[in-house]
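Chemist: Taking the hints into account, I'd like the entire structure generated from these sequences.
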Amino acid sequence: MSCEGVLSHLSRLEVQARSRKTQPQQRSRVTELKAAAEQLRMQREQLRGGGGDAQGGYDAIETRQGQGLCLSLPTAYDGVFLETYNLEIDVKPTPRIVRHNIPPFIPLSDLVEQSDMQTDLRTFLDTLSQHLNAFSGRKQQLKLLKELHKSVEVMESNALCSILVMMVTVPKEKTAVLCTLDYTDHTRCLPTRVHFECNGKLLADSPDWDKIRSLLLETPVHKALSDIRTMGNIV
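The sequence shown maps to residues 1 to 235 in full-length UniProt numbering.
One or more of the hints may lead you astray.
Straight-line C-alpha distance at most 25 Å; calculated BS3-like pairs for lysine-lysine [said to hold, decoys possible]:
id, residue 1, residue 2
1, K146, K174
2, K150, K174
3, K150, K172
4, K211, K174
5, K211, K223
Pair ranges (Cβ atoms, derived) [what the hints assert, rightly or not]:
id, residue 1, residue 2, range
6, T180, R99, 36 to 42 Å
7, R64, K211, 16 to 22 Å
8, K211, Q67, 15 to 21 Å
Treat the hints as calculated values from the structure; they're not laboratory data.
Note that the coordinates shown come from a computational prediction; the quantities given were computed from them, not determined experimentally.
Note that beta-carbon positions come from the ideal geometry of N, C-alpha and C, so glycine has one too.
Modeler: As structure tokens, this is what we get:
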């Protein structure tokens, strides 16, 4: 065999040896990717399996060649679909949020820690969805209040819709009363505290105002105001 032939043969043997060394590594990488893809498929099916209502199942799409999940969280109030919020989550090595359009006043970081997102993604999403639906519900109530009750003046509200100060008028004396609703439980659409103020002083308890307070605590504000007007307590 010529010198060139020997060198050529040795070169082929070297290539074959390198190929045999890389095959186990390639097989290991393929196995790892398959396992990651299967984990993503399982998580996606779990997230979708909630019935499809506003706080049930979540649309989940694999992203970045199976390395992440893009999740949609729709919100609704009184049967009407409202905003949809989105999260993109890396699932390797542990779940973490890489992009989202959640409003900045929703305590996303606190919810991640409280619900232990890294070990229980579904519980985190359920809790976040509860906050988002409650916020959207409060915001929708405020919108309906302004549309349906022109005689009621909204004096103050905030971005989270967690406080609402409105001015109502008592028909007999034509007296203006400030009504303050505090929504300290941000997972609910109803207030946790209601108080009334007239001429800078808190109104004394009375059967009429106690009934009005109960209505506002137990009924969405735009519906409660309709009942209060029907009762003849406000203009």
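Chemist: Quick one: which hint numbers does this structure break? Sort them smallest to largest.
Modeler: The structure conflicts with hints 7, 8, although it agrees with all the remaining ones.
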